[in-house]
Each structure stands twice: as structure tokens, then as C-alpha cells.
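Asks: Sequence:
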Amino acid sequence: MKDYIHYLQEVLGLQNVMLPASEPGSTKAHFFTQEGAFAPTSVQQKELVFLNILTQAKESFFLPEVRDLFDKMKTAMKLKNIQVLELDCTVEDRSQLPSELAQICESRVVVVFSSFPKDLGELIFKGPGKWIETYSPAYLLEDAAAKKVVWNDLQKVMKELGL
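Just so it is clear: in the sequence shown, position 85 is 180 by the numbering used here, and no numbers are missing.
Calculated cross-link-like contacts (lysine-lysine; reagent style DSSO-like; alpha-carbon spacing at most 27 Å):
hint	residue 1	residue 2
1	Lys221	Lys169
2	Lys225	Lys254
3	Lys251	Lys175
4	Lys167	Lys141
5	Lys169	Lys213
6	Lys169	Lys243
Please keep in mind that the hints were generated in silico from the structure rather than gathered at the bench.
Model the full assembly from the supplied sequences, consistent with the hints where possible.
Replies: See below:
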């Protein structure tokens, strides 16, 4: 977490990094947009959420080289009329992630990007919508052979959304 905050301050030039307050007993998931911590005052309604689980600062959606590949992936999906939310996330207990995300956002489909996906390629019900875990764009920059796996997963999402 410290590395990510350092990245936000030093690389992106954010002066103040505010993290959402954690309640006692929470799993301490923190969600970030390019502007900083994501803590809406009401539950957001989106058709699609891209949730990028960070294990290192170099995996952020918002790094230029990762952003470039991620933008190409979204373009290939043809998401023109779809409401999309893009979040970086740090979390201690991934099993609680669906309930943590449901407190701030509801969506039809959540694509969870990770360097170490748990249920790779399975479109399953978690919380209010369907979730699919696949490799992150940052991982694809290091292992191009995984692009086919990710594209197959994104096609499942497109089918679910009627694209």
C-alpha cells in the first residue's frame, strides 16, 4: 500500500492522497480512480466494472504503458454505449471483495484483473452481478502469450452484455 501511495504522489504528482476510512472488522479494501481514492457518497450504478487488483505499483491502470494496452482492450470490446467504471484496488482478503465493492457500486459484470487470478475465465455470480477474473494488462505486458486467454475472457463479458 505504501508503494502505491508513493507512486500516486511521485509519479502522478498528487499532492494529497486520501484513503477511504476503514470500519472496524472491514477487510480494508481501497479503491482508486485516476483522480485518487474512490469513495462515492451513494452506490454507483454501472453496467461494467473493471477492477484491477494491485500487488505492486507498476500494475496500475493509470500508468501510461498499462493504460495504452487497456485502452486497446476496451476499444476491441466496442463499449461505446456501456457505462463503465475503472478502479485500481488494494485488498487484504479477496474473498470479501464482492461485498466491499457492492457497498460502493452495483454492476451487471465485474472484470477482475490480477497477476494471479483465482477463478481464471469463469463467469460466476458474486454479489449483485457476475464476475470474471483474468490476467491484468500489466501482466500481459510481461507475458504476451496470456493475451489469448484474456481476449477469450473479454469475449464472454461481451456476450453477457449483448455486445
